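A.B. asks: Assemble chain B onto chain A, guided by the hints.
First to last, the protein sequences are chains A and B.
Heads up: the first sequence begins at 1 in my numbering, then just goes up one per residue.
Heads up: the second sequence begins at 1 in my numbering, then just goes up one per residue.
Hints were generated in silico from the structure; no laboratory data involved.
All values derive from a computational prediction rather than experimental measurement.
Backbone N, C-alpha and C fix where the C-beta goes; we use that ideal spot for every residue, glycine too.
Check the hints yourself; a few may be wrong.
In silico contact screen, one side only, chain B against chain A (beta carbon under 10 Å); selected entries [unchecked claim]: (1) 89; (2) 118; (3) 167.
Every beta carbon over 12 Å from chain A, so not counted as near; a handful from chain B, in silico [what the hints assert, rightly or not]: (4) 210; (5) 293; (6) 313; (7) 360; (8) 362; (9) 396.
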Amino acid sequence: MGTIWFWIVAAMLTIYVVLDGFDLGVGIVYLIVARTEQDRRKAMHAIGPVWDGNEVWLIAGGGTLFFAFPLLYASSFSGFYLPLTIVLWLLIVRGLSIELRAHTHDSVFMSLFDTTFALSSLILAVFFGAALANVIRGVPLGADNYFFLPLWTNWRTGPNPGILDWYTVLGGLLAAVALAMHGLLYLALKTRGALNEKSVAWAKKALPIVAILTLASVPATVIARPASLMHYQEHGLAWLAPAMVVVSLITIAISLARGWEWRAFIGSCTYLAAMLVGAAAGLFPVVLPSVGTEGQSITIDRALAGPHAVRVGLIWWTFGILLALGYTVTVYWLFRGKVPEHTEGYGH
Amino acid sequence: MDALTLHRIHFAFTITYHYLFPQLTMGLALLIFVMKLIALRTNDPAQRERYDEASRFWARIFAINFVLGVVTGIPMEFQFGTNWSEFSRRTGGVIGQPLAMEGVFSFFLESAFLGLLMFGEKRISRKLHTLSAFMVFLGSWISGFFIIVTDAWMQHPVAYQQLPNGTFEVTSFWGLMMNPWAWLQYAHNMSGAVITGAFVMAATGALYLLQRKHEEYGRLFLKVGVVAGIASCIAQIFPTGDLHGKYMARHQPAAVAGMEGLFHSTPGAPIVLMGQPDVEKQTIDNPLAVNKVLSFLIYGTTAAEVKGLDQFPQDQWPSALPLLFYSYHIMAGLGTYFAGLMILAGFLLWRGHIYHARWLLWPILLSFPLPYIANTAGWMTAELGRQPWLVYGLMRTSEGYSKHVGPGTSLFTLLGFLGMYSVLSILWIVLVYTAIQKGPKAPVVDEGHDGHTLTTA
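One chain only, chain A, in its complex shape (with noise of 0.2 Å):
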């Protein structure tokens, strides 16, 4: 039962990297492809009608984990005070930017929102990734299973790290600029025009970049936690992973020459996918791995919550995601297909 909630979990925030990765990385590259009024308006439009929703799967995922492993939430939650709440700031300012440059026709004010629209997306974007690295090298976690990280050390992976060293900076730029391509080719897909031309463009330039930075990642990972490579002797099955992101880092320069937009698309949704199933397979069947020598590693086993409780869980979660997922795609089938040339919303 362990395992089910701990891949439910996995997918969810799969999901979110996906979905919600796309509108970052809109964000991320906002400024430099989207120069005129019209291509703004445009670049906003493309994810007016879904950035709320994809944002919910990251409030929902983070539901889930409460419910499936209280200890781990409670622990990671408190242990991660401060880029959460800096992550929660960050939010606030991102979502109030859509929100705000669409009410607005003020010139000064919508070129502020456009610039905290994209520094937040930027931001978001490496703190996720360096979100997920602190994750996978491990916290120094204490007897009772709680810990506190400061937001930076001396750099060094080890047994007293900072939310910041040099692994979980990688981790921020690789997840910047592979989010970065991920919008780039998601407005390749949803718009025409010079637009649509600088995103194919700009996605070109980046591919080599998420590509050589990735690769980076492999044995960075490896030194920083040797016991990430277990799972893989273990199981010949967790090598799909990795197969499958250099498959569609292949996929995504192939369509990209070939000017294949859903393709490369696609491509960059496997890309994310694999890169977070192969970091998840590293780490099961720990969630939380513990540095230094005090604490032990947070297990699936023993963050679990009480039987009734998961099992009545899978019930209603799997009703309720099927919904979901039904609603998520009938928007984004109503909004299939470019954005109009002229567009005009509820007020928007």
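C.D. replies: Then chain B, alone, in the frame of chain A:
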């Protein structure tokens, strides 16, 4: 200040601020759906366009408040883990259930159909668009339900067992969902949300009539607002408030004694309408009281004895007694005022005088902030009444906070939220005020082929 106090202020501040938005959106969602439904069912094109445009206008106000509700709501989920980690660790096996269900069942529903409601009118049929309004309403009300199930378990724990290591786990899913406390509190809370929506709508109508602009919509908003206001104000007092109070007296007698300022057990207890509790001397200063009413309200007979605070050890008294007393009295007092104002307005509406009764339009306009105060006071009554318990009778508040997060860190993020939310408040006021001043679009006759179709300018 010590860490516990700071964590409490942190949570109290962020949740009080957050609740300004959902109470309006939960109320408005119902009213928007009703107006969409009227538009769908009518055969008169002018009437249909009027109700459609009214729905569009309120959907814009809804969207602003919804986004603010979402962005201030995300911190609430996080804070269970960040600031109240020990509480989460021990009770997550129970309250994780409704909290996760809220995410899975309501947030997806709301966000998907809000996208359709806002952006999809030209892409989907009228029926589907009305259905979107219904789904947004349904989603926001389901969301409220799961939050109240969570709170109700803290108020009145049911369907759980405690393990030797101190953690709790749920033993019956249905027992948790059917907690009677949750249903009573939910009914009381939702009528409070409709009151907020109705007052804001009626006040906007009153504003337009006083300004002599958008008068057609002014009359419409006033009418819908007053009708919904009467229904919700009455439901708020009877049966929901009455039943909730009786249930509370049975299960949290110390809280009720604190709310009523009853320091000593009294047969034929009086109800104190006004007064200032003095905790040291254990009296109410300057009381305005009516004899025997409290006993009657709780037990149905004027002679029954109501338990006072002296029946409980002092370390189990609600810790902020005067604040609890005032919150409850503000809530009850305003609730009475709302019912009176709306019934008066309803009488004038029925007689057809209301649109010109400027002496009444002014109080309707100026009363729109009061439901926010009343609902906030209501929440404070419930939450302060629960103190000193985090989970009533099982876990004290002092056991629940994150011991590894120091007071300085908590203060830092509290100041950050204060700063951020004060900017939000300004933006919110400007946005809503601008949208209201701009108003709905006036219907104009289309110059097109048949000369009868009405469209918007």
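A.B. asks: Look at each hint and say if it fits the structure.
C.D. replies: Against the structure, the hints come out as follows:
1. Evaluation of the residue 89 of chain B hint against chain A yields a held restraint, the C-beta minimum of about 4 Å falling below 10 Å.
2. Taken as an interface hint, residue 118 of chain B checks out: its beta carbon lies about 4 Å from the nearest beta carbon of chain A, inside 10 Å.
3. Residue-level restraint check for residue 167 of chain B holds (minimum Cβ-Cβ distance to chain A is 8 Å; threshold 10 Å).
4. No Cβ of chain A approaches the Cβ of residue 210 of chain B within 12 Å, the least distance being about 24 Å, so the stated non-interface status holds.
5. At the 12 Å boundary, the C-beta of residue 293 of chain B stays outside the reach of chain A, the nearest C-beta of that chain being 44 Å off.
6. At roughly 30 Å from the closest C-beta of chain A, the C-beta of residue 313 of chain B stays outside 12 Å, upholding its exclusion from the interface.
7. Look at residue 360 of chain B: its CB is around 31 Å from the nearest CB on chain A, clear of 12 Å, so calling it non-interface holds up.
8. Listed as a non-interface residue, residue 362 of chain B keeps its Cβ farther than 12 Å from every Cβ of chain A; the least gap is roughly 29 Å.
9. For residue 396 of chain B, the shortest C-beta to C-beta distance to chain A comes to about 17 Å, beyond the 12 Å cut-off, and the non-interface label holds.
Comparing the model with each earlier hint shows no violations; every hint is respected.
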